[in-house]
Amino acid sequence: MELFTKRTKYFQLVVAMALWAISSAASAADVSVAVASNFTVPMQKIAQAFEQDTGHKALLAFGATGGFYAQIKNGAPFQVLLAADKETPTRLEKEGLAVAGARFTYAIGKLVLWSKQAGLVDDKGDVLRKGSFDKLAIANPKLAPYGTAAMQALTKFGLLAQLQPKFVEGSNIGQTYQFVASENAVLGFVALSQVYAEGRLSHGSAWIVPAIFYAPIQQDAVLLNSGKNNAAATAFLNYLKTEKAQAIIRAHGYDL
1 MELFTKRTKY
11 FQLVVAMALW
21 AISSAASAAD
31 VSVAVASNFT
41 VPMQKIAQAF
51 EQDTGHKALL
61 AFGATGGFYA
71 QIKNGAPFQV
81 LLAADKETPT
91 RLEKEGLAVA
101 GARFTYAIGK
111 LVLWSKQAGL
121 VDDKGDVLRK
131 GSFDKLAIAN
141 PKLAPYGTAA
151 MQALTKFGLL
161 AQLQPKFVEG
171 SNIGQTYQFV
181 ASENAVLGFV
191 ALSQVYAEGR
201 LSHGSAWIVP
211 AIFYAPIQQD
221 AVLLNSGKNN
231 AAATAFLNYL
241 KTEKAQAIIR
251 AHGYDL
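Each residue of the sequence shown is one higher than the one before, counting from 1 in the numbering used here.
Keep in mind the hints are simulated off the structure, nothing from the lab.
Fair warning: there could be bad hints in the mix.
To be verified - Below, computed lysine-lysine pairings styled on PhoX-like, alpha-carbon distance capped at 25 Å: (1) K135 with K166; (2) K156 with K135; (3) K116 with K135; (4) K94 with K142; (5) K86 with K45; (6) K228 with K73; (7) K86 with K244.
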């Protein structure tokens, strides 16, 4: 009788665990997230932690904020947008394509002049004035907020007309980084997060452009209409506000 009781309890435990697993799987969902390419590395880490902690999975697409805006306008099924600016999410709200009141700033980006070559970029950016380089990579300012910031900085430096013939333009900040990383351009304006991790420059040489030279790169997240009934989309946006996610964001050179 005692053996029968033990077996019964064991069977009940197994059934309970199986039901829990089925319930958890049923409640887990996917969320489609359009992510500004400057946020690629921290987003990959956050998505992994998000899945581990919640069971939900973030399906990520990386690209230029302006490009995502056009895609969303044309019906792309993204449920969340992590933009590289605040204007695009605001515009989507006003146009009725995003949920009103769901927008918030998840990071404040920093512009950096970077070279793969150690020692090339000085701590004041004087290498720009010397002009002893062939190509300068910059993101398309019509699509990428970091490209806009670079243009603003060069204008304030009084160097735009002088350096514009040297521009190599990337469609987004990810492609701009690749131009410099592959040394197709010896210098480029990229996002600090692309070359900075765990409190230090990962490689090469860089100058963090003082924030007074460009408008703040306030990066906003917004819930799109197609995600308003998706529990995973809401959970993801809430997860961005957790201490764990914010620690990852700070570790990659962003302010909050």
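Q: Provide an ascending list of the numbers of those earlier hints which the structure does not satisfy.
A: Structure breaks no hint.
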